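Chain residues, written in single-letter form:
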Amino acid sequence: MKRFANSVSRLGFVAAIAAICLSAVGCAPRQSTTRGELVRVTEGDFRIAATRRLAAGDIVIRVKNRGPDAHELIVVKTETGRLPLRGDGLTVDEDAVQHDEVGALEPGSPGSVRELHVRLTPGRYVLLCNMSGHYMGGMHRTLVVR
Amino acid sequence: MRRPASEFRPFAPRARRTIVAILLTFALVSALSAALSIWTTGHSRHRATLLEVAARQRTLAERYVAEVELVRNGQQADPGRTAALLASSARALLDGGTAPAVAGDDDETALSAVTDPQARAQLMQEQRLVTDLSKTGRALLAKRSVSSVPLTAHERIAATDPVQRVRVLAALTSNVALNAARTIAQQTDRNITSSIRLQVALGIGGLAVSLLLAWALIATTRRQTSLFRSLVTSSTDLVLVFGRGGCRYVSQSVVSMLGRPEAELHGSGFDRFVHEDDRTALEAARETGKPRELVLRVRNASGQWRHLEAHLTDLRTDRDVHGVVLNARDISERVALEQELTRQAQRDSFGSQLTEALEMADEEEATYDIVERAMVEVSPVSPMELLLSDSSRANLERSAVSVAGAPGCPVQSPFSCVAVRRGSPVVFESSEALNACPKLRDRPSGPCSAVCVPVSFMGRSLGVLHATGPEGEPLDSQQVAQLTTLATQAGARIGTVRAFERTQLQASTDSLTGLVNRRMLERQLRGLLRQGRPFALAVADLDRFKQLNDKHGHEAGDRALRMFAHIARSSLRDEDTVARWGGEEFMFAFPDLDRHQATSVLERVRANLAESMSGDHPVFTASFGVTDSTRGETLDELVRLADIGLYAAKEAGRDRITISETLPDGPGLTVVSEKPPDADDKQRPHRARPAFHEAANEDDPHVSGLEIR
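Going down the list, the sequences are from chains W and F.
If you count by our numbering, then the first sequence holds residues 323 to 468, one letter each, in order.
If you count by our numbering, then the second sequence holds residues 431 to 1139, one letter each, in order.
Since the hints were made in silico from the structure, they are not lab data.
In this text the structure is predicted, and so the values were computed from the model without any measurement.
Backbone N, C-alpha and C define an ideal beta-carbon position, used for all residues, glycine too.
Where hints are given, some of them may not hold.
[Unchecked claim] Chain W residues, not near chain F, derived (Cβ > 10 Å throughout):
#1 GLU401
#2 LEU438
#3 VAL440
[Stated by the list, open to error] Derived Cβ-Cβ restraints for the label pairs, each shown as a range:
#4 GLY411(W) to GLY510(F): 21 to 31 Å
#5 ARG357(W) to LYS573(F): 53 to 63 Å
#6 THR373(W) to ALA485(F): 37 to 47 Å
#7 GLY409(W) to ALA588(F): 10 to 20 Å
#8 SER518(F) to GLY409(W): 30 to 40 Å
#9 GLY411(W) to ALA514(F): 19 to 29 Å
#10 GLY445(W) to ALA588(F): 18 to 28 Å
#11 GLY445(W) to GLY527(F): 47 to 57 Å
#12 GLY409(W) to GLY510(F): 22 to 32 Å
#13 ALA485(F) to GLY409(W): 17 to 27 Å
#14 SER518(F) to THR373(W): 39 to 49 Å
Produce the complete structure using the sequences and hints provided.
See the structure below:
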């Protein structure tokens, strides 16, 4: 019962966060910059909030890290949505997906806002933070580009 | 800091305040730098400890995973203790306190609370992950469902393998701990960078402030120097500084006064302009600093001697000066004024004394005496003379001579004298000069200088006051002024006395005969005697005048007297004088004639008298006694001599002229004229036998002495 309550409360919490994130993203008007369409991505411990669908083309990904930990952002194109792990079972094997990596941002401190310029062709992409344990801790997001 | 422009304070001690401000700035900057260094060093040391503890969390998390697996595999391990270490270390990192010792790694470490908000958020996240890790670990070992362990750090672990979950949580814990350590390190680095920047800024600021203050100090010093310079250069006072090598500094006023460049006055250069009589005093003053007050004579650019009143300040022991400062001012005008006042006072004194003396002189003779004494007052060594013209003559006579002798001017008439013609004093520097008076040349005493001051009365020239001196050194202006005063006052007095005498003369004319009276003639005779001018003197008496009066009446007697007076006056030269001596006696004065020449004139009188004895007028004759100025010393003697001659003429039968040569104790008388041959009583010339009897004539109080019957 208690466990159920916990899970309900957790689900509620997650739903609330998701709702906030979605509303934030959803309400934000799509903007275009001179270098491409702007996509807002919010990172936090330990999740990535972003739109799920996007038109192909030049994209400016504006990443805000809400913290409290530092986070990086890697964009990998993958048809399966699954990424190979290193031997430790904790981080994605970046060498294995090197050819599929569209772009990456080094770890940014909490509160920072950075931009990543990418050209996305139609397909399925994963946005992730590959710091130790972060991917496994929930920091990944699938993005479909048409 | 800045004073109002109106204030002029060259002595204000502003520099001291500026120096203190510079020192304070240096001290403040140094203290702040030292404090910052200490603070930075402390922070660096603390950062190292923090990083050590934060980094240790990763090891502990990994050790925890290993120990959990060991326990699961049935081996001996104590993951609970490691979890406790993780938790207490995470707490100590966040809120300060003691981080526990880890066996085999390090000792207990004291930590202070982390203040940076970002680092604190990360450490709190770490704390939550440590909790999640240890709970998950405990659930695993207790063989409970790991998935049901609530996760508090927002992690969403998809893996269902319990060991994998623990490993993910351990990885997250160590990663967050490392990131927190990195954040702390970056923050500390920023602090240190700020501190270094602050120190550099402090150094630059301190240097800038010091430079500004130093500039202000220089400006203040320059301003004060400028103020002092303006004081010294604008002052009309003369400032000189004397050191061991002579003059070391002269102010601009000295340069402009002497008309020489400054460099030429240094050393002994200034001394050349000092009067040689004052040099010794100046040398002594700059050697010893005394006397404090000094009067110097200095020759200026135009060659004049200027009097300087100097004040000395002895600064030989002053380490900046090493000398004597002389501050002087030109007091020449004051000295000249004082001298002029002294001269004026002397002149005034001379003038007032002269006035008083002259007021007491009632005769010309007395005036001459005073003039002679006044000449000595003017100069006892210069020859001087007063040349005066008689009112009746045009030629000049030497009336007064100073004790130093007479210059002997050969001028004859007043209008031959240039000073008289000009009507103002004339000074001749040298008798040899082209423009000198010709009468100064060829004097026996040789070349000379001269001063000639005209003497006048009511615009009419009376003569000249003449003084001589060595050639080129005439009497000074003071003496010339005194001579002018003397000439003016003497002229006024002489003129007054003469006018008075003339009035007296007019008042003392005999009313019956129109002749001057006895007193006036006496004065004239005395004047001739004093001048040493020769003259003859005769006394006449009408014969048998008493009988004529008795027989024909007083009317006839008066007529006889008037007739004799008329005949006598018309028979004489212009310069001769006849006066009624009293009763029927008359006195004659013949300037420049001797007794024989006078006798000739008197013979003419007798002849004219005899010729006029016609008509109804009773006949009468006169007897004469004659002498001259060579026969006696005084007027009394000469009158007595003439009287003796008259007596002798009477004795010899009257109507004759007898020359009297000597007084009775002398050789005797000479009868030079007798009564005409037609007279009854014919007598030969003979020696007179004087027989005197005293008789006071009660009718005429002026007559006294001898009466011949």
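Hints, verified against the model:
No Cβ of chain F comes within 10 Å of the Cβ of GLU401(W); the nearest lies about 20 Å off, and the non-interface call holds. No Cβ of chain F comes within 10 Å of the Cβ of LEU438(W); the nearest lies about 21 Å off, and the non-interface call holds. With 10 Å as the threshold on Cβ separation, the claim that VAL440(W) sits away from chain F holds: the shortest Cβ distance comes to roughly 25 Å. A C-beta distance of roughly 25 Å is found between GLY411(W) and GLY510(F), which places it inside the suggested range of 21 to 31 Å.
Hint check: ARG357(W) to LYS573(F), Cβ distance near 56 Å, so the stated range 53 to 63 Å holds. Distance hint check for THR373(W) and ALA485(F): the Cβ-Cβ separation is about 38 Å, which falls inside the suggested range of 37 to 47 Å. Here the CB-CB span from GLY409(W) to ALA588(F) is close to 19 Å, well matched to the stated 10 to 20 Å. The given range of 30 to 40 Å is respected by SER518(F) and GLY409(W), whose C-beta atoms sit roughly 32 Å from each other.
In this structure the hint that GLY411(W) and ALA514(F) lie 19 to 29 Å apart at CB holds, the actual value being about 27 Å. Our hint of 18 to 28 Å for GLY445(W) and ALA588(F) holds, since their Cβ atoms are close to 23 Å apart. At about 53 Å, the beta-carbon gap between GLY445(W) and GLY527(F) stays in the expected band of 47 to 57 Å. Checked against the hint of 22 to 32 Å, the C-beta distance between GLY409(W) and GLY510(F) comes to roughly 29 Å, which is consistent with it.
Between ALA485(F) and GLY409(W) the CB atoms are about 23 Å apart, so this pair conforms to the stated range of 17 to 27 Å. Between SER518(F) and THR373(W) the beta carbons are some 43 Å apart, a value that agrees with the proposed interval 39 to 49 Å.
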